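**Q** Each chain is listed here by its residues.
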Amino acid sequence: MTAADDAIRVFVVDDHQLFLAGVRAELGSSFEIVGQAEDVDSAVAGIVREKPDVVLVDVHMPAGGGAAVVERVLLAEPDIRFLALSMSDAAEDVIGVIRSGARGYVTKTISPTELVDAVRRVNEGDAVFSPRLAGFVLDAFTDPQPAELDPELDRLSGREREVLRLIARGYTYREIAAELHISVKTVETHVSSVLRKLQLSNRYQLTRWATERRIV
Amino acid sequence: MRAVRFEDRPSSEVVSISRAEATRPPGGNGASAGGPRPFFARSSNDRVIAGVAGGLAERIRIDPVVVRLAFVVLALAGGVGVVLYLVLWTIGRAETETRPAWRAGGDAQRTVAAVSIVIGTLLVLRASHVWFGDALVWPVALAAVGSAIIWVRLDRSRSRGRERNGRANGLNGNGDRPAVAADTTRVSFARLAGGGVLVVAGVAVFLESNISSGTVGAVVVALAVAVAGLALIGGPWIARLVRQLGVERTERIRVEEREEVAAHLHDSVLQTLALIQRSEDPGRMRALARVQERDLRGWLYRSRDAGNGAGNLVSDAVDAVTERVELAHGIRLDTVIVGDRPVDARVQAVVDACGEALTNAAKHSGAGVVSLYVEVTDEDVTAFVRDQGSGFDPDAVPPDRRGIADSILGRMARNGGTAEIRSAPGEGTEIHLHVTRGDA
Numbered sequence: 706m707t708a709a710d711d712a713i714r715v716f717v718v719d720d721h722q723l724f725l726a727g728v729r730a731e732l733g734s735s736f737e738i739v740g741q742a743e744d745v746d747s748a749v750a751g752i753v754r755e756k757p758d759v760v761l762v763d764v765h766m767p768a769g770g771g772a773a774v775v776e777r778v779l780l781a782e783p784d785i786r787f788l789a790l791s792m793s794d795a796a797e798d799v800i801g802v803i804r805s806g807a808r809g810y811v812t813k814t815i816s817p818t819e820l821v822d823a824v825r826r827v828n829e830g831d832a833v834f835s836p837r838l839a840g841f842v843l844d845a846f847t848d849p850q851p852a853e854l855d856p857e858l859d860r861l862s863g864r865e866r867e868v869l870r871l872i873a874r875g876y877t878y879r880e881i882a883a884e885l886h887i888s889v890k891t892v893e894t895h896v897s898s899v900l901r902k903l904q905l906s907n908r909y910q911l912t913r914w915a916t917e918r919r920i921v
Numbered sequence: 064m065r066a067v068r069f070e071d072r073p074s075s076e077v078v079s080i081s082r083a084e085a086t087r088p089p090g091g092n093g094a095s096a097g098g099p100r101p102f103f104a105r106s107s108n109d110r111v112i113a114g115v116a117g118g119l120a121e122r123i124r125i126d127p128v129v130v131r132l133a134f135v136v137l138a139l140a141g142g143v144g145v146v147l148y149l150v151l152w153t154i155g156r157a158e159t160e161t162r163p164a165w166r167a168g169g170d171a172q173r174t175v176a177a178v179s180i181v182i183g184t185l186l187v188l189r190a191s192h193v194w195f196g197d198a199l200v201w202p203v204a205l206a207a208v209g210s211a212i213i214w215v216r217l218d219r220s221r222s223r224g225r226e227r228n229g230r231a232n233g234l235n236g237n238g239d240r241p242a243v244a245a246d247t248t249r250v251s252f253a254r255l256a257g258g259g260v261l262v263v264a265g266v267a268v269f270l271e272s273n274i275s276s277g278t279v280g281a282v283v284v285a286l287a288v289a290v291a292g293l294a295l296i297g298g299p300w301i302a303r304l305v306r307q308l309g310v311e312r313t314e315r316i317r318v319e320e321r322e323e324v325a326a327h328l329h330d331s332v333l334q335t336l337a338l339i340q341r342s343e344d345p346g347r348m349r350a351l352a353r354v355q356e357r358d359l360r361g362w363l364y365r366s367r368d369a370g371n372g373a374g375n376l377v378s379d380a381v382d383a384v385t386e387r388v389e390l391a392h393g394i395r396l397d398t399v400i401v402g403d404r405p406v407d408a409r410v411q412a413v414v415d416a417c418g419e420a421l422t423n424a425a426k427h428s429g430a431g432v433v434s435l436y437v438e439v440t441d442e443d444v445t446a447f448v449r450d451q452g453s454g455f456d457p458d459a460v461p462p463d464r465r466g467i468a469d470s471i472l473g474r475m476a477r478n479g480g481t482a483e484i485r486s487a488p489g490e491g492t493e494i495h496l497h498v499t500r501g502d503a
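For the record, the sequence lines run as chains A and B. Residues in the first sequence are numbered from 706 upward in steps of one, following this note's numbering. Residues in the second sequence are numbered from 64 upward in steps of one, following this note's numbering.
Hints may contain errors.
Stated by the list, open to error - Derived EDC-like pairs (lysine to aspartate or glutamate); straight-line CA-CA distance at most 20 Å:
{"id": "1", "chain 1": "A", "residue 1": "Lys813", "chain 2": "B", "residue 2": "Asp358"}
{"id": "2", "chain 1": "A", "residue 1": "Lys756", "chain 2": "A", "residue 2": "Glu743"}
{"id": "3", "chain 1": "A", "residue 1": "Lys813", "chain 2": "B", "residue 2": "Glu158"}
These are calculated hints, taken from the structure and not from any lab test. Remember, predicted model here, so these are calculated numbers, not experimental data.
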């Protein structure tokens, strides 16, 4: 595991110097930090040049924010994985960056070990939902829905809902697996499926909901 | 969910009207508590001459413009309006801060009734020969109706927009002035056209009946030329003045907003930063930082929703509880709330029980983080309080920990809900609270 971790190349994008320094210190021992950037343009250039495995991207930045970085890089390098990291809990921003292609969202108050774990998970292609993001998704998909919605994309299955509830309750994937008597891999499958729905659904409520619901 | 809140608005408007009435100075008329109310009190803030029309409009809840126009028309009808105004001035000695009725959506029925009364009065006056003449009164009445059509608003949506404007304008003591100005630019074309036709008709009838028919054409042309000349002379100046006013208003709003932000930051963030600098205890610092963060976030994102009349929401109640626990115990709480609605007694019981469960977790579990998940649906409220700390055997609860028995299990049972405790030594604790909505 450690050997594999050393190979994970991480790029950090944040417009706060202090936070950049902090994240580098926290992740430096687990991963190879290949670069950092403080604004959208230099981030896109740096990421495309370095081709890291995982990019930690701040949601809130001038000139389009994290969503712009994710969108622009994915056009050129669709294999790079993004984990959004933010101080902001505004649903609008969080949903925005996820829909532009980030594979997860965690708040900056996350502990260093949890952050390391989240980066690993994203690197393996899984989705990372913080309790708060799980709450957002549950909220957004709970509104009464018109019948013409595509159940494939616009509704959560019962199991997905259960998994999200447990995440929102603070369970780790392992604990969720134990609780629901399924494997951790199955939990990850459910979360990835929710992520896909979140990114692809054109449920009009999603955007409207996110705009109206400024914060939880 | 939000939509429901907007639907709530009309009721909040009703509330605010009664509040405005309640703020009548009790000493001034000595009648605010049960005694016979005076017919009206003059308005101290909505006045052209002495606030009689403003006060009257507020009393009978129609647009002050209608009242003023009625006075003008009646004044021309043999001077009755002037007499009436003076009489009301004498009667309504007390002055009061009025909340113009149109802000709460002047009542269409009342307005029509008031107009009918005025017309009836005119007819009576005419019959009793208290009258300056048909050629004067009727054209003026016609023009007054036209003016009223342009200026009076009855529909709710518009008054609501105005309400918002008033707020956005920073409430400079008399927030309705700029709001009116901003609103007049949005008078619908239909009303402008309809009202304009009536006013022009009034002027035409006046000219027709007061000037010998042959000269009407010449007078109209002369008037048109004069107006055009005035427009050429004063137009650019007026336009610039209007634009300047707009700029100044925007600037003032901006300054006021900046001052408000500065005041808030000073009272909250700067104070907290000062406290943090003086604090020696890292746990305490963290707690202060977290509480401040929550407060600032709430202020930044929620203030724009405040005042929508929804009352105290579950999310607000939960925030208050978590803030208290965080501050008291220096622990990190991860709170997730799904859905929202106003708090009732049962929901409050869940929130209080949550507070107790969080306090227990903070005091006894030894965990650094406690998760709180609250889900609010139309039918029920569910809450989970979870820590990954030391855990305990629920069947062997020490007798001194009465918090669980009384404040959690007992409280939920009393409110028709359930509480379930899952815990084992070394495996953390999760408390599950649930209550259904419905009649107790």
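**Q** Now tell me if each hint is right for this structure.
**A** Tested hints:
Of the pairs offered as hints, the one joining A/Lys813 and B/Asp358 holds, with about 17 Å between alpha carbons and a cut-off of 20 Å not exceeded. Restraint check for A/Lys756 and A/Glu743: satisfied, since their Cα atoms lie roughly 17 Å apart, inside the 20 Å limit. This hinted pair does not check out: A/Lys813 and B/Glu158 have alpha carbons roughly 56 Å apart, beyond 20 Å.
The structure fails to meet hint 3 from the earlier list, while all remaining hints are met.
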